[in-house]
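*Asks:* Fit chain to chain and form the complex, with the hints in mind.
Chains as they are written, first to last, in UniProt numbering: chain X, 1 to 161; chain E, 1 to 638.
Read the hints as simulated data drawn from the structure, not as lab findings.
The reader is advised that the hints may include incorrect statements.
These stretches of chain X come out as covered by chain E in the derived footprint (C-beta under 8 angstroms, 3 or more residues) [what the hints assert, rightly or not]:
1) 42-54
2) 67-81
3) 130-139
Mimicking BS3-like on lysine-lysine, the simulated pairs with C-alpha atoms at most 30 angstroms apart in a straight line are [as the list claims (entries may be wrong)]:
4) E:Lys334 / X:Lys59
5) X:Lys32 / E:Lys167
6) E:Lys96 / X:Lys16
7) X:Lys96 / X:Lys63
8) X:Lys96 / X:Lys132
9) E:Lys334 / X:Lys48
10) X:Lys63 / E:Lys572
11) X:Lys48 / X:Lys32
12) X:Lys96 / X:Lys33
13) E:Lys282 / X:Lys48
14) X:Lys31 / X:Lys59
15) X:Lys112 / X:Lys59
16) X:Lys21 / X:Lys31
17) E:Lys355 / X:Lys59
18) X:Lys31 / E:Lys167
19) X:Lys31 / E:Lys96
20) X:Lys136 / E:Lys186
21) E:Lys355 / X:Lys63
Beta carbons are placed, not taken as given, at the ideal position from N, Cα and C, and that holds for glycine.
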Amino acid sequence: MVITMRFMLLFSRQGKLRLQKWYTATAERDKKKMVRELMQVVLARKPKMCSFLEWRDLKIVYKRYASLYFCCAVEEQDNELITLEVIHRFVELLDKYFGSVCELDIIFNFEKAYFILDEFLMGGEIQDTSKKSVLKAIEQADLLQEEDESPRSVLEEMGLA
Amino acid sequence: MSPSVRLQEMIRVIRGARTQGEERGVIQRECAAIRAQFRQADNGTRSHNLAKLLYVHMLGYPAHFGQMECVRLIASPRYNEKRVGYLGAMMLLDEKQDASLLITNSIKNDLSHNSQYVQSLALCTLACMGSAEMCRDLAPEIDRLLRASNSYIKKKAALCAVHIVRKVPDLGELFTPAARSLLCEKNHGVLHGAVVLITELCERNPDTLEQFRKVVPELVQIMKGLVMSGYSPEHNVAGISDPFLQVRILRLLRILGRNNDTASDAMNDLLAQVATNTDSSKTAGSAVLYETVLTVMDIKSESGLRVLAVNILGRFLLNNDRNIRYISMTSLQKIVQTDHNAVQRHRGTIVDCLKDQDASVKRRALELSLALVSAVNIRSLMKELLLFLSSCPPELRAHTTSGIFNAAERYAPSQRWHIDTILHVLTTAGGDVRDETVPNLIQLITTATELHCYTVHKLYRALITDISVQSLVQVACWCIGEYGDLLLRGECEETEPVQVTEDDVLDALETVLQSHMSSPATRGFALTATMKLSTRITHNVDRIRSIVSIYGSCIDVELQQRAVEYNALFKKYDHMRYRGSVCGAPSVIAKLPEYLLGGSGEPVPSSGLSHTVPGPATSTSGGDLLDLLGGLDVSPGE
Numbered sequence: 001m002v003i004t005m006r007f008m009l010l011f012s013r014q015g016k017l018r019l020q021k022w023y024t025a026t027a028e029r030d031k032k033k034m035v036r037e038l039m040q041v042v043l044a045r046k047p048k049m050c051s052f053l054e055w056r057d058l059k060i061v062y063k064r065y066a067s068l069y070f071c072c073a074v075e076e077q078d079n080e081l082i083t084l085e086v087i088h089r090f091v092e093l094l095d096k097y098f099g100s101v102c103e104l105d106i107i108f109n110f111e112k113a114y115f116i117l118d119e120f121l122m123g124g125e126i127q128d129t130s131k132k133s134v135l136k137a138i139e140q141a142d143l144l145q146e147e148d149e150s151p152r153s154v155l156e157e158m159g160l161a
Numbered sequence: 001m002s003p004s005v006r007l008q009e010m011i012r013v014i015r016g017a018r019t020q021g022e023e024r025g026v027i028q029r030e031c032a033a034i035r036a037q038f039r040q041a042d043n044g045t046r047s048h049n050l051a052k053l054l055y056v057h058m059l060g061y062p063a064h065f066g067q068m069e070c071v072r073l074i075a076s077p078r079y080n081e082k083r084v085g086y087l088g089a090m091m092l093l094d095e096k097q098d099a100s101l102l103i104t105n106s107i108k109n110d111l112s113h114n115s116q117y118v119q120s121l122a123l124c125t126l127a128c129m130g131s132a133e134m135c136r137d138l139a140p141e142i143d144r145l146l147r148a149s150n151s152y153i154k155k156k157a158a159l160c161a162v163h164i165v166r167k168v169p170d171l172g173e174l175f176t177p178a179a180r181s182l183l184c185e186k187n188h189g190v191l192h193g194a195v196v197l198i199t200e201l202c203e204r205n206p207d208t209l210e211q212f213r214k215v216v217p218e219l220v221q222i223m224k225g226l227v228m229s230g231y232s233p234e235h236n237v238a239g240i241s242d243p244f245l246q247v248r249i250l251r252l253l254r255i256l257g258r259n260n261d262t263a264s265d266a267m268n269d270l271l272a273q274v275a276t277n278t279d280s281s282k283t284a285g286s287a288v289l290y291e292t293v294l295t296v297m298d299i300k301s302e303s304g305l306r307v308l309a310v311n312i313l314g315r316f317l318l319n320n321d322r323n324i325r326y327i328s329m330t331s332l333q334k335i336v337q338t339d340h341n342a343v344q345r346h347r348g349t350i351v352d353c354l355k356d357q358d359a360s361v362k363r364r365a366l367e368l369s370l371a372l373v374s375a376v377n378i379r380s381l382m383k384e385l386l387l388f389l390s391s392c393p394p395e396l397r398a399h400t401t402s403g404i405f406n407a408a409e410r411y412a413p414s415q416r417w418h419i420d421t422i423l424h425v426l427t428t429a430g431g432d433v434r435d436e437t438v439p440n441l442i443q444l445i446t447t448a449t450e451l452h453c454y455t456v457h458k459l460y461r462a463l464i465t466d467i468s469v470q471s472l473v474q475v476a477c478w479c480i481g482e483y484g485d486l487l488l489r490g491e492c493e494e495t496e497p498v499q500v501t502e503d504d505v506l507d508a509l510e511t512v513l514q515s516h517m518s519s520p521a522t523r524g525f526a527l528t529a530t531m532k533l534s535t536r537i538t539h540n541v542d543r544i545r546s547i548v549s550i551y552g553s554c555i556d557v558e559l560q561q562r563a564v565e566y567n568a569l570f571k572k573y574d575h576m577r578y579r580g581s582v583c584g585a586p587s588v589i590a591k592l593p594e595y596l597l598g599g600s601g602e603p604v605p606s607s608g609l610s611h612t613v614p615g616p617a618t619s620t621s622g623g624d625l626l627d628l629l630g631g632l633d634v635s636p637g638e
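The shape of chain E in the complex, shown without the other chains (with noise of 0.2 angstroms):
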């Protein structure tokens, strides 16, 4: 029986197992038939075991019993058993293991076999799994091999030099002569190679960089003879000429040509045509083209051909294709701050993409958008953002409130403009909101003064629609707190008044105050907007005074301590209640305690109301008090 059937035998074994538990027994079984065969002279069946054992671990099944196989294996004479044995080599070992190193001497051996592909073998493991200790023992013999074999070899030093140099970075100098005259062959793979082998030195060592910038003459002339090449059977990908090899020399001018006058006019002319005749309609030419834009923008280009670079990116926003959609907005995304004006001209086809069904390509539409944002755009733009919101991942939507805050504080074209947009991302995606937006929008409007009548009427109305969103009802609540008269009063300018009675605010306040949806700082506004009212309305101060006390023995710690100290407001200080026996200054958020902005924490000390100051008329500085109520007979900022 053919040996690889034996393998394709327990495979399929494996596979009829019904259960997992079934599944570990064959397994269990196998591995012991694989050690026993181990352990035995060798009897022909050494690969097949191997290959078997490999194939379990890929299960994720243990293997280490397999080590010292591999590297019996490998040091056979024989071209299966060494093809197998490195296979295992570079699954089981790595450069942690001590068995690595017993492979070393092997591989050497191997690297001047007579057949190549033994050469390979060998080649391919060490630069997959050689530890530094071996890549420093074994670099001089690829140095060998890349001046003096064929150029199937040649390919495979150049790539296994890339390893040794990544472990040992000092032994790029060895390399550096040969990879230079590397560059000469015709052969793609070798080519290739080289170019790939360069530019790790390159990157690292400026030494190394600065001496191969004078090959770019030569990088120009093998770029300009693959784009200007006819059709090459062999290398052609799609219409375009080896664009692997196109890509990985426009990645190594990028290298040089960084930074450097020189070098990047050099390029200059090759990268234009670069970009005006690659065909864009397939994969492979819309790569070749972005490495060149990625190359454009990095170097030392003219302005057209930066221009130039731009708009390859916006015709590749329009692709049907949605991965170059992509691409092209993580490149606009790293020029929109150098190039903002080339960028802001695609900003409509890049708002287009808010509407992608693609999460990945919604978040860089949005990046983009945040950073496009400006004073002249931000009506407009901010209508999109704000579409978007509605309807946008629940992943992005943090960010995206976050964003929208941060362009509206920017850029508000007014204030008016700056609550209705808070108001709306609250409405929209409240629970998605930082922690400061309800202080921060308090601030707000507080400060804007004309508006304090249109505010209340606009969150009136919200909170009297929906009471689940708590940043929503918790500025409501203080805004009706603070701003009840004028909603009482019933006439605005900037909206339409609705007719509010004081049972109608009552009511609202309350509801929230009940509402299982409101969490405990939520009540803690609205109780304390009932209380504020109480120097407000008329007609209904029994009724606050009863929600007051109601509360005087609530569950909830916090809320029953405030509803005692307001209690105590109506009794010991009801003559202080009107005059106010603490002002409504403007800053009063400054004033304010933690815990009536809704943060949690432990309850601060009434110390509000120790520092009120018995006595009428004297409204003593707003710093020393608490500023609990809003007094109406008394003047602001006193």
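Only chain X is shown next, with the shape it has when bound in the complex (with noise of 0.2 angstroms):
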């Protein structure tokens, strides 16, 4: 059927996990199986090779950008070069909202990281093809939390909670 993307993979080129989000219900222990086979099998790419690689039953689309891989698997029938764009516009949105983006953002604010995500994809598929509409949400998302939590701390620093 019509399921683009299978899950989407963030790992260091020491094979550290980032950030991972799937979008097909996958039991944990296979999701622990098919993360360490896809790292040994991405990381033992030589630099000027291909982005697309044929893995199990899956494509997969992956670009390195600095120390982190970006992971995509995909559908058989699916438009690689269109992922590898999907994969791009997500680096920019991370870029953008850390302001050069490095791995140490991406480790110290996963949280945030997935937010972005979460924001920008839903079910493996584009919500928005605007990059300005979806980091205005993030930036709303983001003023509404901090609305929300502030009041909290308030209170506790003048010992009143």
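*Replies:* Printed below as a string of structure tokens:
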């Protein structure tokens, strides 16, 4: 069927997982196995090789940005080139949000990386094709978060919690 | 201290651990603290504790004790807590956990929350891990949101509906009307979601597909608008206006146009326009062109349009970007049967891709090259394939040899070419060929009667050069045993003859017999060949006799048995050895027992010998006897 993206992984060159989003229900045990296997396969690739490879019954589209590998698994019939563009769009969003994003940003603010991803993709599909629109929504959501967080800490500070 | 810093502090500490053991220790302590915090009353740190737990979970440690905390946080009125709670639900809960049902009510409430960001959380989570039951429960709510909300929510509701339909296909009918009206929206996000939803509905229900064929003109208009529109900064990617939306529309058009002339006609012009006007200098444009090609090839397009599509693929083959070359070949592979001539035109470029550095590209090029082999191009293409074989990656060798043999069998222009080709493959990659190669080659050689002299010379030369490739050595031994007399005669039309003495030949066979590189099967071939030569040579029969008798006490049981039988032939049936207790029938192979063909197996009882007919001239029919030895004086076929 038309399920396009099965999962997306972000991992470092040392094989440390930085983000994983699964778009189909998969058992925890299977997730771990697949992640381990796939990381090995991708990390073994040489620099000038194709961004696409066949793995199990899926197509893997990956791209390395500095020290991070962005890796998507898509179905047989998919358009790999547009998936590359999806990955690139996600990187641009992270970059805009964190300001010249690097791996450490994603490590120490992993939950924010997830929030951005979840604003960008749903069920493996793009929610909005406008970069501006996605960034604005995240900005607004962050404001809302701050509002709901701050009254508590103010009270705490005053010792009235 | 701002709560977020506590999370980051923990991350720092974990990263600071120098060993796996140290890390485990830190994490155990943190988890214990988190657990304790969860048990306490609400103290304002719940969301941060859950966030910590999620980090730990990502490192691979168990975190199921956080599941109930997710449920609690989702029910909180505070956005910051809901946000982390829902994230936790997506990471820790899936539809198989019972706890996931507990959040259904929260999701239901949050779907009608007055903050769109809360609604968004609920929609996202439902689309991520909603079970069939949850989907059934909440579908009417999603439908409501599809119709009456702002663009921000509509686009998310559309994608959520996609998930629902995947889980409960029957619910597709519920969403069809709303999906239809969404096509009138201007917002790109909503349009995109609508197109994805409609695609899903059409793929699952043929009636719905029929219904949506009517919107082809509308889709064509939307595409035209995108392609012809001026620069729109918000949706522009490398000069292409919203490539993501374009690709989705093209995909939907593909599904609608498939097997339907009317629909295909309606989109023909648009496809030609997109194919011609899209700038493919960057990936975004190539992605749109690629989707266009896929659509053109799948619907009932005019032949002119098909040619245009194949030419685009041909252009892609010349692109500097390896990714584009790769996907081009993937597509060409799919159409190589139906549009064979069109693809043949690009054979040169495809063959060049055999030399690409990337193994994936090489594999694609190999598949395509094999599919393009024809009687017309067999000679030139085989040269390229053999060249490829000599340097191809190990994981592709077996497939390559197999493909080469199939191609040679189908299109060999001559028997000599065929034999040469197989020999070339054996020399280059003899270890990666199928098991049947040896008997198949023997069969081929046997039938090529005018080439026996040529073949035995060639194989002899190969044998004295290198005895490591078992398949080659086996065939060489067999050939020498069978046609050794031609070798010794020293004349040959087809090739430079060599001066070979009987001793030279026996030396070669003995080398094989004694080499530790030779497998037991190979030794069997060598021994049998040595024996066969006893009927073809004149001066060195004693040498043969002694070789054979040595192997009579060989530790390898099969070899020993053979040697013993041959010895017996020398002693008891010497008079028949020449006259041929057995005839050399042309279709020798059919009669040869498995073990003589190098197959491993239990020693076959020497039924051959027991069938030998005592008596000089009567040659019995080849069918009864084992045809172990080819007789000089006996005419074949008797």
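*Asks:* Does the alpha-carbon distance linking E:Lys282 and X:Lys48 stay inside the 30 angstroms limit?
*Replies:* Measuring from Cα to Cα gives roughly 18 angstroms; hence the hint holds.
*Asks:* Is E:Lys355 within 30 angstroms of X:Lys63, Cα to Cα?
*Replies:* Roughly 23 angstroms separates the two Cα atoms, so the pair holds.
*Asks:* Is the Cα-Cα distance between X:Lys48 and X:Lys32 30 angstroms or less?
*Replies:* Roughly 28 angstroms between the alpha carbons, so the hint for X:Lys48 and X:Lys32 holds.
*Asks:* Quick one, are X:Lys136 and E:Lys186 close enough, alpha carbons at most 30 angstroms?
*Replies:* Status holds; Cα separation ~19 angstroms.
*Asks:* Please verify whether X:Lys112 and X:Lys59 have alpha carbons no more than 30 angstroms apart.
*Replies:* This hinted pair holds, its Cα atoms lying about 28 angstroms apart.
*Asks:* Would the hint linking E:Lys334 and X:Lys59 be met if the CA-CA limit is 30 angstroms?
*Replies:* holds, 16 angstroms
*Asks:* Quickly compare the C-alpha distance for X:Lys96 and X:Lys132 to 30 angstroms and report which way the hint goes.
*Replies:* holds, 10 angstroms
*Asks:* Check whether the Cα positions of X:Lys96 and X:Lys63 lie no farther apart than 30 angstroms.
*Replies:* holds, 19 angstroms
*Asks:* Does X:Lys32 pair with E:Lys167 here, judged by a C-alpha cut-off of 30 angstroms?
*Replies:* holds, 24 angstroms
*Asks:* Within 30 angstroms, alpha carbon to alpha carbon, are X:Lys31 and E:Lys167?
*Replies:* The given pair, whose Cα atoms are some 20 angstroms apart, holds under the 30 angstroms limit.
*Asks:* Tell me if chain E covers the stretch 130-139 of chain X under the three-residue, 8 angstroms CB rule, please?
*Replies:* holds (count 5)
*Asks:* Would you mind confirming whether the straight-line C-alpha gap from X:Lys63 to E:Lys572 stays at or under 30 angstroms?
*Replies:* Between X:Lys63 and E:Lys572 the Cα gap is close to 76 angstroms, so the pair fails against 30 angstroms, i.e. violated.
When held up to the earlier numbered hints, the structure conflicts with 10 and 12 and fits the remainder.
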